[in-house]
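Fit chain B to the given chain A structure using the hints.
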Amino acid sequence: MTETADAPKPDAICELVLQDLAVTRGGRVLFSELNLHLKAGEAVSLTGANGAGKTSLLRVVAGLAQPSAGRLRYLGQAGELDPREAQSHDIHFAGHQDGLKAQATVQSELSFWARWAGGSMAARDAAVQRYGLTPLLGLETRRLSAGQRRRVALARLAAAPRRLWLLDEPMAPLDIATRARFAEEMVGHLAKGGIILAAVHDPLPIPTREVRLVRPVSIPQEAK
Amino acid sequence: MGQGMGRGPIRALFGRELGLALGRGGGPLLALGFYAGVAVLLPLAEGPDPARLAAVAPGAAFASLALASLLTLERLFERDYEDGGLDLLTLGEPGLAVVAAVKCLAQWIATGLPLAAVAPLVAITLGAAPSLAPILFLASLLAGLGFAFIGGVGAALALGARRGGVLIAVIVLPLFTPLVVFGAGAVDAAAAGLNIGPPLALLAAFSLFSVALAPVAMAAACRNALS
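In order, the protein sequence lines correspond to chains A and B. Read in order, the letters of the first sequence correspond to residues 1 to 224 in the working numbering. Read in order, the letters of the second sequence correspond to residues 1001 to 1227 in the working numbering.
Excised from the complex, chain A in its bound form (with noise of 0.2 Å):
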């Protein structure tokens, strides 16, 4: 099964593309106009105020919400891609929550996430060892602590191949350990063509750049 977690799919997420993009969440606009082009091997960090949209931004790539005006595109190999197919086959999305149940072991939480993304179990169970997560794996969820749930759920990136990462506040309640741990298998991924959009407050331990998210002060403005 390693050979698969490299080769990449032929639909596989090459580029993203974000043309004149809006977001508007209750009514105001959090920002606009805003152009993006990340390619394979590259890592952007979103940066702004609390409440200027980074978190919408990625929802919105994910597509769990719809942008208010602009184009979102996801290129391949042989060119532009379905959305919906990107989103459902090529997309990691690690949110504020981190998307476990109170009740079910972190090991039978793993097995179901992983093939749900479509991974291996041989990918899982290397997740699990790279994260250090053997001892954890007997244990309810609700056990764990806020960085120990941060690292199942980063653990999960690993246990199913996909090219997008679209991580929200990531570092926050990891230790420094994990961190670094974390900025390895960031880096591994870069290397093998993956792409990294990731809102941050603290800078990524990995070389990224950087798109500020400023909001629109009265007639909307470009917001780099």
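In short, the hints are calculated from the structure, not lab data. Nothing false has been slipped in among the hints.
The calculated label-pair distances, taken between Cβ atoms and stated as ranges, are:
1) A:D11 to B:A1036: 46 to 56 Å
2) B:P1048 to A:G138: 46 to 56 Å
3) B:A1161 to A:T134: 35 to 45 Å
4) A:Q77 to B:E1093: 18 to 28 Å
5) B:A1212 to A:D11: 22 to 32 Å
Every beta carbon over 10 Å from chain B, so not counted as near; a handful from chain A, in silico:
6) L18
7) N35
8) A40
9) G70
10) R73
11) L75
12) P83
13) G132
14) P173
15) G188
16) P207
17) V211
18) R215
Don't be surprised by glycine CBs; every beta carbon is placed ideally from N, CA and C.
For chain B alone, coordinates are given in the frame of chain A:
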């Protein structure tokens, strides 16, 4: 390993949902307890006259079945919505409509099947003839399928609402009516020695219709709640 890709995720989801449905908010025990409770209360309220009870037994059994089916619906999507799991389910290959259908199917097996198994007991306790047990089970099982899928639409529409449970009941109970009418109708027909074909066929048609249409509605309602 992990081959047969299309099936793998769906089977995994079904196993997970079944486990969650069996444990959800007391699981089927709550619904069963409620159902049995209504069956005990009715003779107390109605008086112990066997003839009178026997006349209302099928109708009462189906009406309380509909109410008992409501109990566990609230948690169908709510927990996934609250813990972020619904976001991740949306990002899977099968798509939200399939997720919704699998959830309702698990709900039917976890709650509808035990309720259908108890339905003959409840009706016979109320005074229905024991020979009606098979048709009671069959009609309850078919009605339960419709209750699960129509109820799922209510549960999805109520996502994010503060008093979701009440909203679900208001949305869903009117839509449960045909199932109650045809279900009780089939049992009444059997009791009167009439042809049970037409009411049973209508019951099955309504349930299958909801199985076909409800997943699309649930997916739309979930997407709306997420955005």
